[in-house]
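Engineer: Between the sequences and the hints, there should be enough to build the whole structure, so can you do that?
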Amino acid sequence: MSGVEVCNLETKQYFVYILKCFDSTYYTGVTNDIETRLSQYQSGKFPESYTHKRRPVKLVFFCEFNDITQTILFEKQVKGWSRK
157 MSGVEVCNLE TKQYFVYILK CFDSTYYTGV TNDIETRLSQ YQSGKFPESY THKRRPVKLV
217 FFCEFNDITQ TILFEKQVKG WSRK
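Numbering of the sequence shown is given in the numbering used here, commencing with residue 157 and proceeding in unit increments.
It is possible that part of the hints are untrue.
Stated by the list, open to error - Think about it this way: if two alpha-carbon atoms lie no more than 30 Å apart in a straight line, the pair counts; the simulated DSS-like pairs of lysine-lysine are:
#1 Lys235 / Lys214
#2 Lys235 / Lys176
#3 Lys214 / Lys201
#4 Lys214 / Lys176
#5 Lys209 / Lys235
#6 Lys232 / Lys209
#7 Lys232 / Lys201
#8 Lys201 / Lys235
#9 Lys214 / Lys232
#10 Lys176 / Lys201
#11 Lys232 / Lys176
#12 Lys176 / Lys209
The set of hints was computed from the structure by calculation and includes no laboratory data.
Structural biologist: Here you go:
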């Protein structure tokens, strides 16, 4: 994925990702299939989601994990980062 920052931690099963929305806000989430999830955001599959009215979105970062607990802990850490 061109222009995306990536960190890789061995076996890849879970992902923490950051999307940049059309309105320049950011959205952070967790998934086990990054390509499908990004496609779902772009297609507007979830009309009640934060990103629905902020499309298109752009994947700007993702990190791969093999342990869901570590994935969720990292997501919480990312959500504590400054949004500026």
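Engineer: If a hint holds in the structure, say so; if it does not, say that too.
Structural biologist: Status of each hint after checking the structure:
Restraint check for Lys235 and Lys214: satisfied, since their Cα atoms lie roughly 17 Å apart, inside the 30 Å limit. Restraint check: the Cα-Cα separation between Lys235 and Lys176 comes to about 14 Å, which is no more than 30 Å; the hinted pair holds. For the hint pairing Lys214 with Lys201, the CA-to-CA distance comes to about 16 Å; that is within 30 Å, so the pair holds. Between Lys214 and Lys176 the CA atoms are separated by roughly 5 Å; this keeps the pair inside 30 Å, and the hint holds.
With a CA separation close to 21 Å, the supplied pair Lys209 and Lys235 stays within the 30 Å bound. A threshold of 30 Å between alpha carbons decides the hint, and for Lys232 with Lys209 the separation of about 24 Å falls inside it, so the pair holds. Between Lys232 and Lys201, the direct Cα distance comes to roughly 25 Å. Compliance with the 30 Å bound is thereby established for this hinted pair. Proposed proximity of Lys201 and Lys235 is supported: the alpha carbons are some 23 Å apart, at most 30 Å.
With a C-alpha separation of about 20 Å, the suggested pairing of Lys214 with Lys232 holds against the 30 Å cut-off. Taken as a hint, the Lys176 and Lys201 pair is honoured in the structure, with Cα atoms around 18 Å apart against an allowance of 30 Å. Taken as a hint, the Lys232 and Lys176 pair is honoured in the structure, with Cα atoms around 18 Å apart against an allowance of 30 Å. Pair hint Lys176 plus Lys209 holds up; C-alpha atoms about 13 Å apart against a cutoff of 30 Å.
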